[in-house]
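**Student:** Sequence:
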Amino acid sequence: MKKIQFLFDTSRMLTQACTVKTGVVFAGSIVANISLVLCSVFSPILLMNAMTPAAAISGSFGLIAGVLVIKGVCEYMECVMEKLVQTTCSQVNFRLERMLAEKFTHIQYAYMQDSEFLNLHSGAHFALVNYKAVENLMKAAVSIVCQSVVLLLGGGFLLFKFPLLVLFLASGFGVQFLINTKLNEKLEVFFNQLFPINRRYRWLNSLKFDASRQKDIRAYHMETQIENKLEQYNKESFMQFSAMNHISCGHGCVADAFGNLTMYAGFVYNTVLLFQGKMDIGLFMSLNTLLLRCSSILNSIGDSIMTGSQMLNYMKPVVKTLAYPADSRADMEIGNIVSVEFQNVSFSYPGSENYVLKNLSFRLDQGEKVGLVGINGSGKTTIIKLLCGLYTPTEGKILVNDIDIAQFNLEKYYAKMGVVLQDFNILDFSIKENIALSNAEEDAKLQKVAADVGLADLIEQLHDKMNTKLGPKTNDKGIALSGGQLQKIAIARALYTEKDLYIFDEPDSNIDPVAERALYQQYDRLIQGKLTIFVSHRLKSLDFCSRVIVVENGCIN
52 MKKIQFLFDT
62 SRMLTQACTV
72 KTGVVFAGSI
82 VANISLVLCS
92 VFSPILLMNA
102 MTPAAAISGS
112 FGLIAGVLVI
122 KGVCEYMECV
132 MEKLVQTTCS
142 QVNFRLERML
152 AEKFTHIQYA
162 YMQDSEFLNL
172 HSGAHFALVN
182 YKAVENLMKA
192 AVSIVCQSVV
202 LLLGGGFLLF
212 KFPLLVLFLA
222 SGFGVQFLIN
232 TKLNEKLEVF
242 FNQLFPINRR
252 YRWLNSLKFD
262 ASRQKDIRAY
272 HMETQIENKL
282 EQYNKESFMQ
292 FSAMNHISCG
302 HGCVADAFGN
312 LTMYAGFVYN
322 TVLLFQGKMD
332 IGLFMSLNTL
342 LLRCSSILNS
352 IGDSIMTGSQ
362 MLNYMKPVVK
372 TLAYPADSRA
382 DMEIGNIVSV
392 EFQNVSFSYP
402 GSENYVLKNL
412 SFRLDQGEKV
422 GLVGINGSGK
432 TTIIKLLCGL
442 YTPTEGKILV
452 NDIDIAQFNL
462 EKYYAKMGVV
472 LQDFNILDFS
482 IKENIALSNA
492 EEDAKLQKVA
502 ADVGLADLIE
512 QLHDKMNTKL
522 GPKTNDKGIA
532 LSGGQLQKIA
542 IARALYTEKD
552 LYIFDEPDSN
562 IDPVAERALY
572 QQYDRLIQGK
582 LTIFVSHRLK
592 SLDFCSRVIV
602 VENGCIN
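Its first residue numbered 52, the sequence shown is counted upward by one per residue in the working numbering.
Simulated from the structure, these hints should not be mistaken for lab results.
Any given hint could be a false lead.
Quick list of in silico lysine to aspartate or glutamate cross-link-like pairs, EDC-like style, CA-CA up to 20 Å [unchecked claim]:
hint, residue 1, residue 2
1, LYS499, GLU549
2, LYS448, ASP382
3, LYS528, ASP261
4, LYS190, GLU133
Pair by pair, the computed Cβ-Cβ distance ranges are [unchecked claim]:
hint, residue 1, residue 2, range
5, LYS54, PHE413, 17 to 23 Å
6, HIS272, LYS516, 36 to 42 Å
7, PHE208, CYS304, 28 to 34 Å
8, ILE530, PRO401, 35 to 41 Å
9, LEU281, SER337, 39 to 45 Å
10, LEU577, ASN427, 23 to 29 Å
These numbers come from a predicted model, not from an experiment.
Where a beta carbon is used, it is the ideal one built from N, C-alpha and C, also for glycine.
With the hints as constraints, model all of the structure from the sequences given.
**Tutor:** And the structure:
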């Protein structure tokens, strides 16, 4: 029942990722392959007829030319369809990758800390990119259909005239199918064991090419440690693949041996009929040739089924990842944020029994500038993550406008918030794109917000001004900025569109002390009448706030 459900889920997923063009290419590939096979089967017969003494010379040349042209056209079409299959599969892969990325964005944030989900996501990536599961699955399906047609055309004579030979062939194929099924079940265990190894290997390998980490890697000579870890994971992968190959070879030998046994049983049967005078030598030779060909076709079908089954196993992490539930928040509209309240909120991270926050209660109202202060690890950032809806409280409630935050539509809730987190991200886009994001770009507004956060002088010195690209990863002339300059862009992004609630999680961490006071004075001037939360580990930095909440060991003092 589970296998049927999995096949249904896989078919539904592929249907979502495929288009009408995919179906047309799939059908066209089948037609092209069958046409080429039929042409290869019948062209020798036609050529032999054309070269008989009774055939007219002009007609013979015409027939030969026609056969060669048709075969050339079939080969050309088969080549074209093969390229189209590759292109189409790449497009399907792209859509599946987008579906995975969308799922990654919309599932509950807690899964970002869940190793099981991360392993599945890594397995899904490898299935699509490294194993080319979609392309191989499609090619296996084409092969099964085409070879089945050829088998019916070529083996029809056996089916009606010598059913015992069909029984020999069917028994060999059946045993091969059972052996391959058992093999796939064993290989699936290895696939699941490879997911976490691949995930760790990918992450470690990416460190070597991450420019932001090169300072530490070079200063502390981390490259040796990274390479040793990579070698360790590489050995683990090698051991897994060696075991898989050993099992595959063993099962393959058994399947081939039984297939050969049934085929030779057919030869013996034909020999007995020959000596009994029930067939002549010509039929004997033809039947043996046909038996050999049908056995080869069945082996090819079995291999294609084996490949298809393996590709379906590879697709399991894709299906399972896409089946993860999205963040199931309600769809309630939210008005202007006028109050935020924590009611006896306690929180422990998934998989941990230790509480990061314990029984927190406080209320913030519109217009307040509230400081949240505490040493590193006291729970300040966790409070912000809870308020942003990234996590849900283990106990207690968070109310916005006296309504449980869980009842609001998250996207509409986020539209009311301007947030600068400690680990903010600036993309390799232009300065303008990083500030405005998907909002309409208004030059006057961009200039104003840049001036407000102290970016105007820097932008004026740049050749392309606001259109200057940041970072070299995707830009030929992308520039590098300091941590403080990047943080000002992040703050400008939060201020670009008017919000009801502003959160600055230690916004001064990359800004020098001289600029710190001026920046806070700007906050006081720019954000009037809005509820604003400033997070810091320095109490003195928050003396401009109307109220300061001190967090210590997950509690409020």
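**Student:** Please list, smallest to largest, the hint numbers that this structure does not respect.
**Tutor:** 5 and 9
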